[in-house]
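Chemist: One rule links them: number in our numbering = place in the sequence shown (from 1) + 10.
Careful, some of the hints might be misleading.
What the hints assert, rightly or not - Each pair of labels, with its calculated beta carbon distance range:
id, residue 1, residue 2, range
1, W63, Q182, 19 to 29 Å
2, G104, N55, 55 to 65 Å
3, T107, K60, 43 to 53 Å
4, W298, G38, 48 to 58 Å
5, E108, G269, 30 to 40 Å
6, V49, S173, 35 to 45 Å
7, R273, S173, 41 to 51 Å
8, G179, R117, 36 to 46 Å
9, R234, R192, 22 to 32 Å
10, G211, W298, 23 to 33 Å
11, R234, V57, 27 to 37 Å
12, V64, V114, 33 to 43 Å
Because the hints were derived from the structure by calculation, they are not lab data. Glycine included, C-beta positions come from ideal geometry on N, C-alpha and C.
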Amino acid sequence: MSAAAEKTDPAFSETALAEHLRELEPQGWSWPSYRSVEVERWNENGVGAKQDWVAEEVPVVLVYNGQPHVVMLATPLDLEDFALGFSLTEGIVGSLTEIEAIRVHHRSEGIEVRIRLVTQNQDALAGRERNLTGRTGCGLCGTTSLRQAIRRPAPVKSDIRVSPTDLHGALQNLRAKQEINRLTGAVHAAAWVLPGRGIAGVREDVGRHNALDKLIGMLSRTPREEGYVLVTSRASYEMVQKCASAGIGLMAAVSAPTGLAIRLAKETGLTLVGFARDDSHVVYAHPWRLT
Numbered sequence: 011m012s013a014a015a016e017k018t019d020p021a022f023s024e025t026a027l028a029e030h031l032r033e034l035e036p037q038g039w040s041w042p043s044y045r046s047v048e049v050e051r052w053n054e055n056g057v058g059a060k061q062d063w064v065a066e067e068v069p070v071v072l073v074y075n076g077q078p079h080v081v082m083l084a085t086p087l088d089l090e091d092f093a094l095g096f097s098l099t100e101g102i103v104g105s106l107t108e109i110e111a112i113r114v115h116h117r118s119e120g121i122e123v124r125i126r127l128v129t130q131n132q133d134a135l136a137g138r139e140r141n142l143t144g145r146t147g148c149g150l151c152g153t154t155s156l157r158q159a160i161r162r163p164a165p166v167k168s169d170i171r172v173s174p175t176d177l178h179g180a181l182q183n184l185r186a187k188q189e190i191n192r193l194t195g196a197v198h199a200a201a202w203v204l205p206g207r208g209i210a211g212v213r214e215d216v217g218r219h220n221a222l223d224k225l226i227g228m229l230s231r232t233p234r235e236e237g238y239v240l241v242t243s244r245a246s247y248e249m250v251q252k253c254a255s256a257g258i259g260l261m262a263a264v265s266a267p268t269g270l271a272i273r274l275a276k277e278t279g280l281t282l283v284g285f286a287r288d289d290s291h292v293v294y295a296h297p298w299r300l301t
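Let the sequences and hints guide you as you build the complete structure.
Modeler: Below, the structure is given as structure tokens:
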């Protein structure tokens, strides 16, 4: 190919650049979840230079059977769990038996998460087409119809009971388990809590939807004991949809829910808690699980 053709062929130029960047990647290199930066801090004592920690935000493309499905901006940690949780809560698969393999590949320009599905799942994948790049943890970015956007999960069958004391205690303990947020102050957390036994697992991400998908992916790996979810964000529609689709009976958020989230929680039988604090909370749907 001539030099002139190389300059005028965008596909060639982009491919060549991507390959060149990959050649520069050290063997075994991976994106960090956070990094140190030099900042100039101002306070009442004046101004001074210091080192601080910031969270990383990386493009992550989910590729199903060789076909890119969606690109999300996410924290580059626990991405196998993210792929599992996203696949389950989006209805791409109904169980882990429908996933043959997951591979995570770190590139200079972002991260590819390659998911290999059993053949019959191609139809489900096509039915949940997402055509756009998502912003950080974007809930509905790329859905192409109202039917795709507003999905009603099956009714939740969980009969879990949670005491207010248990809920408030879990909230008090959650801060200490948010390792990335403790350094950066920039990420959300989703936690799995076992009544009377405390927090059993936490996942963090710059996107609240991503953190919840990671948690649901984590829970899908082993037999799940009855528990509930805490999230350090507002309770949007899709957060409720994800919990209900996973059969989770109670979700507590530190911020407010939306009207659509409340309606979906009432329809599906999920107990929805907002403004959860160390000593108070507000119940918006199905209060009978909080006793």
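Chemist: How does the Cβ-Cβ distance of V49 and S173 compare with 35 to 45 Å: does it lie in that range?
Modeler: At roughly 43 Å between Cβ atoms, S173 and V49 fall inside 35 to 45 Å, so the hint holds.
Chemist: Between R234 and R192, does the beta-carbon spacing fit 22 to 32 Å?
Modeler: 27 Å, holds
Chemist: E108 and G269, beta-carbon distance inside 30 to 40 Å?
Modeler: 34 Å, holds
Chemist: Given the hint of 43 to 53 Å, is the C-beta distance from T107 to K60 inside that range or not?
Modeler: 51 Å, holds
Chemist: How does the Cβ-Cβ distance of V64 and V114 compare with 33 to 43 Å: does it lie in that range?
Modeler: Hint violated: Cβ distance 22 Å, outside 33 to 43 Å.
Chemist: So the hint says 55 to 65 Å: do the beta-carbon atoms of G104 and N55 match that?
Modeler: 58 Å, holds
Chemist: Does the Cβ-Cβ separation between W298 and G38 fall within 48 to 58 Å?
Modeler: 51 Å, holds
Chemist: Range first: 36 to 46 Å. Now tell me if the beta carbons of G179 and R117 are that far apart.
Modeler: Cβ of G179 to Cβ of R117: about 42 Å, so the range 36 to 46 Å holds.
Chemist: With respect to the beta-carbon atoms only, verify the hint that G211 and W298 lie 23 to 33 Å apart.
Modeler: 26 Å, holds
Chemist: Is the gap between the beta carbons of R234 and V57 within 27 to 37 Å?
Modeler: 51 Å, violated
Chemist: Please test the hint of 19 to 29 Å on the beta carbon pair from W63 and Q182.
Modeler: For Q182 against W63, whose Cβ atoms are near 24 Å apart, the range 19 to 29 Å holds.
Chemist: Could you see if the CB distance from R273 to S173 stays within 41 to 51 Å?
Modeler: Taking Cβ atoms as reference, R273 and S173 lie about 27 Å apart, which means the hint is violated.
When each numbered hint is compared with the structure, violations occur for hints 7, 11 and 12.
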